[in-house]
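Asks: Kindly generate the complete structure, drawing on both the sequences and the hints.
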Amino acid sequence: MAAASGTTYVARGIYGHPGATALTIAPDGRIQAIGSTPPDDTTIDRRWAEAWLYPGFIEAHSHPDTGWLWGAGAYLGAIERRTPGGGTDAGCHSIEQVLSRLQAARDSTDETTPILAWGYDPWHVEGSPLDRRTLDQVSATRPVFVLHASQHVVSVNSAVIAMDALDTNPTPGIQRDPAGKPTGILAEPEAILATAIARAALAGEFQPSALQQFGVEASHAGYTTATDLDTTALLRPDSADAYASTVNAPEFPVRLAAFCHIDTSSEQQLAASIQAARNARQLGTAKLRTGFAKLFLDGSIQAETAKLTHPYLDAGTGQWLTEPARFASILAELDTAGLTVHTHGNGDAAARAFADALNALPLPAGHQYQRHALTHAQLADDATLTRIRDAGGTVSFLINHIRWWGDAEADHILGAERAARLDPAASAERLGLAYSLHSDSPVTPIDPLELIANAIDRRTESGRALGPDQRITASQAINAITRSAAWQLGMESEVGELALGMRADVTAADRNLTACRAGDEVRAARILGTMLDGTPTSTL
Numbered sequence: 060m061a062a063a064s065g066t067t068y069v070a071r072g073i074y075g076h077p078g079a080t081a082l083t084i085a086p087d088g089r090i091q092a093i094g095s096t097p098p099d100d101t102t103i104d105r106r107w108a109e110a111w112l113y114p115g116f117i118e119a120h121s122h123p124d125t126g127w128l129w130g131a132g133a134y135l136g137a138i139e140r141r142t143p144g145g146g147t148d149a150g151c152h153s154i155e156q157v158l159s160r161l162q163a164a165r166d167s168t169d170e171t172t173p174i175l176a177w178g179y180d181p182w183h184v185e186g187s188p189l190d191r192r193t194l195d196q197v198s199a200t201r202p203v204f205v206l207h208a209s210q211h212v213v214s215v216n217s218a219v220i221a222m223d224a225l226d227t228n229p230t231p232g233i234q235r236d237p238a239g240k241p242t243g244i245l246a247e248p249e250a251i252l253a254t255a256i257a258r259a260a261l262a263g264e265f266q267p268s269a270l271q272q273f274g275v276e277a278s279h280a281g282y283t284t285a286t287d288l289d290t291t292a293l294l295r296p297d298s299a300d301a302y303a304s305t306v307n308a309p310e311f312p313v314r315l316a317a318f319c320h321i322d323t324s325s326e327q328q329l330a331a332s333i334q335a336a337r338n339a340r341q342l343g344t345a346k347l348r349t350g351f352a353k354l355f356l357d358g359s360i361q362a363e364t365a366k367l368t369h370p371y372l373d374a375g376t377g378q379w380l381t382e383p384a385r386f387a388s389i390l391a392e393l394d395t396a397g398l399t400v401h402t403h404g405n406g407d408a409a410a411r412a413f414a415d416a417l418n419a420l421p422l423p424a425g426h427q428y429q430r431h432a433l434t435h436a437q438l439a440d441d442a443t444l445t446r447i448r449d450a451g452g453t454v455s456f457l458i459n460h461i462r463w464w465g466d467a468e469a470d471h472i473l474g475a476e477r478a479a480r481l482d483p484a485a486s487a488e489r490l491g492l493a494y495s496l497h498s499d500s501p502v503t504p505i506d507p508l509e510l511i512a513n514a515i516d517r518r519t520e521s522g523r524a525l526g527p528d529q530r531i532t533a534s535q536a537i538n539a540i541t542r543s544a545a546w547q548l549g550m551e552s553e554v555g556e557l558a559l560g561m562r563a564d565v566t567a568a569d570r571n572l573t574a575c576r577a578g579d580e581v582r583a584a585r586i587l588g589t590m591l592d593g594t595p596t597s598t599l
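Numbering (the working numbering), first residue to last: 60 to 599.
Treat each hint with caution, since some may be false.
[As the list claims (entries may be wrong)] Computed list of lysine to aspartate or glutamate pairs in DMTMM-like fashion (alpha-carbon distance at most 20 Å, straight line): (1) Lys240 with Asp195; (2) Lys240 with Glu264; (3) Lys346 with Glu556; (4) Lys346 with Glu310; (5) Lys346 with Asp195; (6) Lys346 with Glu553; (7) Lys346 with Glu551; (8) Lys240 with Asp190; (9) Lys346 with Asp289; (10) Lys240 with Asp226; (11) Lys346 with Asp87; (12) Lys346 with Asp300.
None of these hints come from the bench; they were simulated from the model.
Replies: Quick look at the structure:
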């Protein structure tokens with residue numbers, strides 16, 4: 060092996076390089092050598108001598124919301140989560156626990172302010188529904204606003220209904236009882252934004268500390284690249300520079316691909332959003348990746364607003380957030396503007412609409428495929444996946460759905476046959492379609508080991524195997540959160556694999572994950588640290 064200056068990290072194994080135990084990083088942060096013997100004249104670093112080194116893991120679809128949600132309100136979710144202080148929160152599994160936390164939030168906050176909470180999941184909480192009558196037990200006079208785990212539904216009390224005149228608001232998504240009165244359940248953006256609390260949150264000031272907290276959370280989980288899917292901060296002159304400065308600061312420990320929110324409420328807002336997203340490209344750096352946009356086709360499966368070709372078990376086929384014809388037109392505009400679009404689509408009808416729009420894009424001579432992605436893609440069938448592949452597209456699966464909502468979707472929402480097709484990673488693998496796996500944090504915790512575990516196991520909380528024919532191997536799952544995810548983000552020449560000349564973005568774990576055959580083996584692993592451009596960013 061040729062001599063090289065730099066630092067050599069010795070390890071028990073290096074992913075993608077059988078027999079290699081030495082990874083040498085040049086002073087410029089690029090990988091200079093990989094082998095079984097450290098080169099001469101390098102500094103030897105043994106901090107990960109008992110670890111396995113992997114390409115830095117890439118979170119293909121996340122939201123930095125956890126950075127401010129912990130401080131904004133009470134956590135009511137059923138999934139155990141790490142708290143900002145490094146502890147754990149076991150969450151809520153009964154309506155009594157939910158009400159207890161809300162009452163504690165009421166008693167510990169100023170009586171002139173709303174009572175806020177997040178993470179509530181009706182599929183995991185026993186007892187009364189979290190409607191206005193239940194929330195009125197917390198307070199009948201102070202506004203109570205609870206964001207559900209899906210991020211597509213909120214629960215509010217009578218004070219919010221009165222304050223925002225929801226009684227007389229005809230907006231779809233404001234659910235009503237048989238007498239026509241609002242129940243306090245609001246589904247999807249139009250209904251949620253009928254509340255002043257939601258509008259204020261959307262228009263709120265950018266919080267650098269919240270973004271920083273998210274970056275630290277992602278790094279500690281084992282990621283070296285994360286995403287901000289649907290940011291407005293880069294579109295606003297009062298926050299764009301602060302956002303970029305936060306990400307580019309040395310203490311921000313991950314790269315971040317920022318997807319700009321595209322306002323489709325009117326043609327004027329659409330044009331302004333597209334121009335702002337194009338302008339944001341000027342802020343792109345090695346750490347802050349720009350040139351991306353986010354669109355929505357449908358809602359959420361567990362909220363029964365994802366758009367299906369056949370009804371849910373209790374009737375209804377979901378809801379379009381953007382009608383297919385309009386979506387196709389907007390996608391074409393964004394493609395012409397040179398922006399890569401990730402489109403939220405859960406249902407099979409939404410997946411088909413995405414494939415239709417992708418295949419309808421004009422492709423003049425010299426056109427470069429933008430690698431537009433259908434993100435979530437939970438019920439896409441093989442024919443649709445093939446059409447997406449053939450049009451130069453890609454997909455990203457919210458694989459954690461299988462563990463936490465698989466039982467509900469098999470038994471109450473979709474039926475066992477359709478639920479077995481959730482997140483068809485093996486189909487994408489077989490078809491040669493580039494795909495990634497993601498957490499959709501804060502919908503599920505940001506954790507690469509959980510993604511791998513669910514992809515190889517496909518077991519629900521009750522232990523049932525859901526669509527075992529869609530299982531993939533640990534190596535395939537690792538590829539989905541490294542090389543394939545890097546390709547989706549246009550970063551494959553820099554990160555995503557450990558190879559000579561690539562940026563030294565590295566994740567260290569305490570075991571050979573490719574040898575794991577069951578999800579719990581992966582979950583038992585520990586992330587030992589990460590490295591960005593050859594500089595350790597966290598050693599845990």
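Asks: Indicate, hint by hint, whether the structure satisfies it.
Replies: Evaluated hints:
1. Lys240 with Asp195: Since the Cα atoms of Lys240 and Asp195 sit roughly 15 Å apart, the hinted pair holds (cutoff 20 Å).
2. Lys240 with Glu264: Distance of about 34 Å is beyond 20 Å: violated.
3. Lys346 with Glu556: holds, 17 Å
4. Lys346 with Glu310: holds, 12 Å
5. Lys346 with Asp195: violated, 46 Å
6. Lys346 with Glu553: Distance of about 11 Å is within 20 Å: holds.
7. Lys346 with Glu551: holds, 14 Å
8. Lys240 with Asp190: OK: Lys240 and Asp190 at ~12 Å, within 20 Å.
9. Lys346 with Asp289: Cα-Cα ~18 Å, so holds.
10. Lys240 with Asp226: holds, 6 Å
11. Lys346 with Asp87: holds, 15 Å
12. Lys346 with Asp300: Holds: Lys346 and Asp300 sit about 14 Å apart, inside 20 Å.
Of the numbered hints stated above, those contradicted by the structure are hints 2 and 5, listed in ascending order.
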